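These protein sequence lines map, in sequence, to chains A and B.
Be aware that the first sequence starts at 1, since it is given in my numbering, and climbs by one per residue.
Be aware that the second sequence starts at 1, since it is given in my numbering, and climbs by one per residue.
Hints in this document: simulated from the structure, not taken from any laboratory.
All the pointers check out, no bait thrown in.
Listed next, the in silico BS3-like pairs over lysine-lysine satisfying Cα-Cα at most 30 Å (straight line):
1) 32/A to 115/A
2) 99/B to 370/A
3) 32/A to 119/A
4) 20/B to 490/A
5) 512/A to 20/B
6) 21/A to 41/A
7) 546/A to 20/B
8) 112/A to 32/A
9) 180/B to 160/B
10) 119/A to 150/A
11) 37/A to 81/A
12) 587/A to 490/A
Quick caveat, the model's predicted, so the values are computed rather than measured.
Now for the letters of each chain:
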Amino acid sequence: RRSVATMPPSPAASASQQLPKKEAEIFKNIVKFYETKQYKKGLKAADQVLKKAPNHGETLAMRGLVLNCLDRKEEAYTFVKKGLRADMRSHVCWHVYGLLYRSDRDYEQAIKSYKQALKIDADNVQILRDLSLLQIQLRDQRGFLKTRHKLLTQKPNNKMHWIAYALANHLAGFRATAIQVIDAYGETLNGQEREPRSYEDSELQLYRTDILEEDGRAAEALAHLESVEEIVVDGYGFHKKRAELLLYAEAGREPDPTKGPADATVARGAWADLLRRPTGSDNYHFHRGFQCAVLGLDGASSKRLLKELDTTRTPTDVVALDAETLATLEAAYAQLAKENPRSDALLWLPVTFRPAGAAFDKRLDEIVVKFLRRGAPALGAAFERLWAPKPGDVVEGRSRGAACCRAVLERADAHAASLDATGRFDASSDENAPPTARAWASYLAAHCHEWLGELDEAFAKADEAVAHTPTCVEFYEKKARLLKRSGRPKLAADAMVAARELDLADRYINNKATKYLLRAGDVAAARTTAALFTREEAGDAEVYLKDMQASWYELEVGRALAARMHDAAAAGETPESLRALAGPALKPLCAVEQHYADFVEDQFDFHTYCVRKMTLRAYVAVLRFEDEIRGHKHFRDAAGRAAAVYLALHDADVAEAARAAAARGPRGAE
Amino acid sequence: MAAIAERPPPLDVAFGDIHKQNIGMLRTLNEHTFPVRYADKFYDEIPTLPPDFAQFAYCGGLAVGAVCGRLEQCGDQKKLYIMTIGVLHAYRRRGVGRKLLDYLLANAATRPEIRAVYLHVQTSNDAAMDFYGRAGFEAVGTIRGYYKRIEPPDCFVLAKAINAPEGTAPRCADLLADVKNVEWKA
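Isolated chain B (complex conformation) (with noise of 0.2 Å):
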């Protein structure tokens, strides 16, 4: 009988700034763990990010993963962005990952004013998927040809309410109204 891969321990995790100074080694953890290259401009952006939504993970004194996540204004309530979340291979089913998205989620609930939590996914991701099923998130609509480089091109949105008021269950379609190209899920 196939016996499911035992998993390893969790990892101890140290988080730590991003910064102008240290920002090389963000870009150099993103050219390694996704298949998109970013732009100047959003290294540029990424050091004026709250602490609260961007960090490293470090691992016995180095960085072997990063989130980072940008609010968005939405009326009078805000959204958070998940930018990236990214762990080195060596270092990947430790639960970094996980760590550094309930560092954003606790940091996130802790403002009252942040209503939704959602990010892109491409399509043929599984893992990904998988990963943040399990903390939560659902998948509310497709972006059709998001990608331009790589192949599959399109995007799910995944997405996970938060702060929600008292006996309100505000559905995610309606918190991510303005979010572009969307083909909301039914």
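Only chain A is shown next, with the shape it has when bound in the complex (with noise of 0.2 Å):
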């Protein structure tokens, strides 16, 4: 809802720009229909007024703003211009101007026509509001925080002008202003009648913290964040903060005799009573943090490793452990196990930081068998993390690399011989194993011997387990990756598409059908095998996929096209028939671009949206994510790829220039 301003015309305006008392209720009623998107009604009372006074500015500006609304922009914008032209010292034309931009994404000259309008009205609460949506869309965080202390002069009983006062501080990083200014908005309201907990005070309060932690201040942040348990109802988010704050500010690091090994500091258990919760042992954050709790690292480090480490990395991977520490760290995670001795992350973890020896091989192979049995097809992906440190990881002493990749192997090996010699795993005397176990042992052998690079033997694997069960997907979508890897992608689409073929509703082998369908070259049966998930009255796959915005699609399609491009480049062929193969690539390559332009034009609403409902802290997340999304790898790569193409069309030009030169001869044509 954008609303006009609705003050009359300013006193200065000529004689020709004030209108009669029958026109100008009309007018007020022009813009009311506008706000109310009644906008055929608009148009009509636009008309009324205009038949009387033709050439008043303010309602020839109205009426392209409802225009615009109709999607008739090109009348929108002359008559938006006729109307500045007849009357250069209205705000309302400037401010209209400015909405007319603002909707075509023209961002800089929205921002000039506001600037312009409140040149001829300071004060409008109106404009200024649309200025400083425009300024923090577009990361103006000086101006933004110029328009916002405006506003909370003009208008310091609106409570949004304090919230959006203080984020404007806290954005341009005056995070001192920022709690202050809350601290104030919190004055004005004592003495009034409060709800107990409300989740307005809830989440103001935990922005302050935030601010806080990100001044630096992790021990008053401690300490106000634990000040106000009472009124926090994000109970969850709460005891987050807390976990993480004791890290930051060295605090709670007293051990309690009394306790149990997990729990054995404040730290610790405040950690630990993370992963107590339904499916927290799941969690691989709440792990990081009770091991730097159990670690003892200092707050710096705490939060360093909080923010780098990601997937299933833990602090144990870059932090060499003496044997006492070991041990801690082997009681507190055995005293959580014991007390959850389902979750699959607590058995896994001491795998990872175990030294090699007895107790690791014994977990190791302890795990090998839960999954076997349970038929885990991501049971060597799990691995690979041991077998694939990354640069600066711990490695001295423990079983990492190849080696432990071979250790996997042998396991797998054992069990599948003991599985056919006595229907039960190695070196185990209870009951039977399952029958599928055989061929899931087949299956992880086989994605040890890729890892391996020994192709041959991982084929002769794979072959085993659909030998086994040829029911099982997983076990095809396997050999296709395989003679993929082996360097034969007609073959591998094939077998992915027979793998497709056992289940018809299973989108996930769908895609992997489609993609590698595409890496053969296979654009068109790649199309057909997408369209199979869209909706049927959608139309067209492919603009169906682009609402979607399914960018691994586009990327795939776009990749696939492109190279027949270079290649038809490689072949020499002719900068013409080179732009022909170039269009259909560059489509959907540009669809992903459109993507990342949409989802940054997605945030404007959330503006007012955020500030009205104090969803604060989501709110600076979503922007600190918008700064960055362009990192994205979908629009990396597809930026990428285009710029590879349009390079590729360049280096014709040249080419095919150079050529036409050197045919002229030396006498050439000048």
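Dock the two chains into a complex; use the hints.
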């Protein structure tokens, strides 16, 4: 709802810009109709006024604004410009002009128009508000701060003005001021009837805590957080933040001999309690925090590791453990595992920090048996974390790299042999293993061989798995993948399509088949395959996939079509024929670029919404996410591939020109 | 003394419907469990069968067996024809086939108009004869040259009477009178 300033024209307007009483009333209605989206009525009203006052700038401008909402863009601009020419000194005209530019995503021009409007009516709250939205959209932090300050001084009774001003200070880096503003706002509420536990109060205080933390004042943040525990309604957020702040402030470290190893210090206990929540033990952020506490890392290291480590990486990957620390870690995890024996992560983690030796081997085998029994396709992928440590990781004394891969392979083969001979897992006396375990053992062995680059052996094991249980999609998927890796993309595509045909309702394997067909260069078949999962009412499948912003698909199609163009360029084809191939390749690649522009545009409505709803932590997170959004792999990929296409066309043009010049001979026509 | 091979304990099995989306899995199963190749027409019919008579058997989330049965009219009564029961080799001798057959028979028992269950078994297939024999089926006749591309080409007709009205004991051969080309056992 972008309401237009409803103040009457400024007194300095010339006589022709004054409306007789009747028309002035109708003008007010135009604005009302615009605000309530009754555009046809607005148009009628505007025409009524213009009959009597054909040169009334503001009516002309409003007519243009309404036309814009009816998607008649060219006429819209014509009328608004007419209106401006008629009444240059009207802030309404300038404001409307700004709204038009804004609707076309021309933010720079929109800001210029709003600033012009403000020159005429400097204290107009509506224009200031619209300007501030654009400023934050374009990340003009200083401008945003100035405008929000103005708005706050204009209307200090408006709660949102206070909140937005605090935000503006925070985003511009004036964190101490932001906190003062929040506290001052709190003062204005003193003495008013407040609900005891309101979402808004809770969010504001959590936001204040975050600002303190960002300002490096972890101890103050912790103290503040604990002081507002009664009013915070986001229990999960509270406990998570408290656990983090305990680490950053290096607080809660005194050992309590009455508690078990997992809760021996307050800091440890805070993280242990998070791990104890339902599904908490699967949360690797909690494991990272827990390990920082157990390892007794300092605040700066904890902060850095919690930020840098992602997926399933943990502090123990990068911190060497002496015997005592290892024992503490083992005891702490053992206690948690005892409390929660069904947790997969608690079983798994020790294998990531135990040194090479009997205890490591034992746990490795326990994991292999557990997941062969369950039938987990991702077992091999989980182990890859040990086989490929990152540079800087601690590997001394630990089973890592190819040696670790061979250890897993040995277990897979041992269990396969044992299952064949006795129907039981290797060195196990208990009840019979499910027959499926035999197939998954072959599958795991195939994964290991593939990782080691032993493709022939990998094929053999994959075939074993298929022969055992030919109804398992994953086994065919593995064969297809091996074919791809051995440089046979067409056979790989055939195999993946065969996998797909086992379960036509499985979207994952449909996507895989689509991708493999594209990698084999069969764009037509890929399109047909992808279309199987688009909604029939949506018409053209590719349009549907574009609406769904399916970047992975568009990238793969662009890659396949660009390959055709690059091949043609290498074969020396003419620039015309290259352009004919480049067009279809650029279309999906540019569609990806369009998605990212849309992602950036999408944040616009949240500038008002989040302040109104007080979801401040989430709002700041979104802004920061949007700041880096074009760093996403899909965007970089699409941009790079599109650029490569354009460069190839340029090179072809240059080569063509050179050829033409050479053909003209040394006395070339100048 | 040669001990009878100890049977491992029966497997936990879950059932699942057969439909157009997963019919490919049935094709694969059948290709790996039967010497006969079924035509596309066969697979077009399966998804139309009532789920009471056509199911996959799942073990550990993977389809390891299936049963497909078809109802046939016989005057004012019906008979149930078992088209296929198959279990992957690695999952045999764990009671999966028996569970599939019992599922079928239990569903047939709830429909009193079904009076007989019957099927064809290649004359050389001792394992199948044994399996159905234990479930109360008997060989009631032979069809010569039933199979076109495998040896031996002959099959037995196995049948079991079900839902017999109180006090009667109908002969299977009578219930299957309309099945063609059968040399009935005396």
